[in-house]
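Peer 1: Based on the sequences and whatever the hints tell you, model everything.
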Amino acid sequence: MAKHFLLLNLIAVVSFCFVVLAFEPSPLQDFCVADPASPVKVNGLACKEPKSVNAEDFYFSGLHLAGNTSNTFGSKVTAVNVAQVPGLNTLGISLARVDYAPWGINPPHTHPRATEILTVLEGSLQVGFVTSNPENRLITKVLNKGDVFVFPIGLVHYQRNVGYGNAVAIAALSSQNPGVISIANAVFGSEPAIETDILAKAFQIDESIAALIQSKF
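In numbering that gives the first Met the number 0, the protein residues as written are 0 to 216.
Simulated from the structure, these hints should not be mistaken for lab results.
A couple of the hints might just be wrong.
[Stated by the list, open to error] Here are the computed distance ranges between Cβ atoms for each label pair:
#1 LEU211 / ILE116: 22 to 28 Å
#2 ASP205 / SER37: 46 to 52 Å
#3 ALA45 / ILE138: 16 to 22 Å
#4 ASP29 / LYS200: 52 to 58 Å
#5 ASN42 / PRO107: 25 to 31 Å
#6 ILE208 / SER60: 22 to 28 Å
#7 SER60 / SER37: 21 to 27 Å
#8 VAL41 / GLU190: 22 to 28 Å
#9 ILE208 / ARG112: 40 to 46 Å
#10 LEU137 / ILE116: 16 to 22 Å
#11 VAL41 / PRO106: 28 to 34 Å
[Said to hold, decoys possible] BS3-like cross-link-like pairs, simulated, lysine-lysine; straight-line CA separation at most 25 Å:
#12 LYS40 / LYS50
#13 LYS75 / LYS144
#14 LYS200 / LYS215
Remember, it's a predicted structure, so these values are computed and weren't measured experimentally.
For every residue, glycine included, the Cβ atom is placed at its ideal position computed from N, Cα and C.
Peer 2: Below, the structure written as structure tokens:
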């Protein structure tokens, strides 16, 4: 009985390790600088020849520059992920600068592959995320300069500048390619468009209203 119990425990531990490693494997080399031109298809990007790697592969300049917030939402995200820094490939981390005009928003969205930790550098932000079904509970807080807030992986979240001046935040994400799904864009701006009767039933609105919203995307 004791041996049987130990065997079950060992299987459980090994299974857990395989699940963890399958989600975010540890690198098996110093780096794997992304090679977008490679014809090789992998879960991520293929590696450049190590001898051709240089400092520029790990470098990004310009995060000190304010983004242009003259748009519908009054915000601008400046991403620093594997697309901008090839050396981030396989390292499981990235950054973004977010600028907000007064009362600007970073609209509800999700990162399907990353948890986000947000630090306010200037201004005041109301932030929040919504828990999964069936509770759909909104967890929200007002942040000030120096405050930090976490958005768990995959959950819908947003930020809004609640001050009368510009606001700036830095977001760190637990993936070199976190992805972004903007809720409104995905639902009302898909190509091809989702049928208006489906949207009308889902949002409990008239089809004409669903069509009107779609026309804005």
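Peer 1: Decide, hint by hint, whether the structure agrees.
Peer 2: A quick look at each hint next to the structure:
Here the CB-CB span from LEU211 to ILE116 is close to 37 Å, at odds with the stated 22 to 28 Å. Our hint of 46 to 52 Å for ASP205 and SER37 holds, since their Cβ atoms are close to 50 Å apart. Remark: the range hint 16 to 22 Å for ALA45 to ILE138 is contradicted by a beta-carbon distance near 39 Å. In this structure the supplied range 52 to 58 Å holds for ASP29 paired with LYS200, their Cβ-Cβ distance being about 53 Å.
Distance hint for ASN42 and PRO107: a CB-CB separation of about 28 Å, consistent with the stated range 25 to 31 Å. Restraint check, ILE208 to SER60: a C-beta distance of roughly 45 Å breaks the suggested window 22 to 28 Å. For SER60 paired with SER37, a C-beta distance near 25 Å keeps the hint of 21 to 27 Å intact. At about 27 Å, the CB distance of VAL41 to GLU190 agrees with the hint of 22 to 28 Å.
Range check, ILE208 to ARG112: Cβ separation about 33 Å, and the 40 to 46 Å hint is violated. At roughly 19 Å, the beta-carbon separation of LEU137 and ILE116 lies within the given 16 to 22 Å, and the hint holds. The given range of 28 to 34 Å is respected by VAL41 and PRO106, whose C-beta atoms sit roughly 32 Å from each other. Taken as a hint, the LYS40 and LYS50 pair is honoured in the structure, with Cα atoms around 21 Å apart against an allowance of 25 Å.
Among the hinted pairs, LYS75 with LYS144 is consistent with the structure: their alpha-carbon atoms are about 18 Å apart, no more than 25 Å. The suggested pairing of LYS200 with LYS215 holds, with an alpha-carbon distance near 19 Å, which does not exceed 25 Å.
Consistency note: the structure conflicts with the earlier hints numbered 1, 3, 6 and 9.
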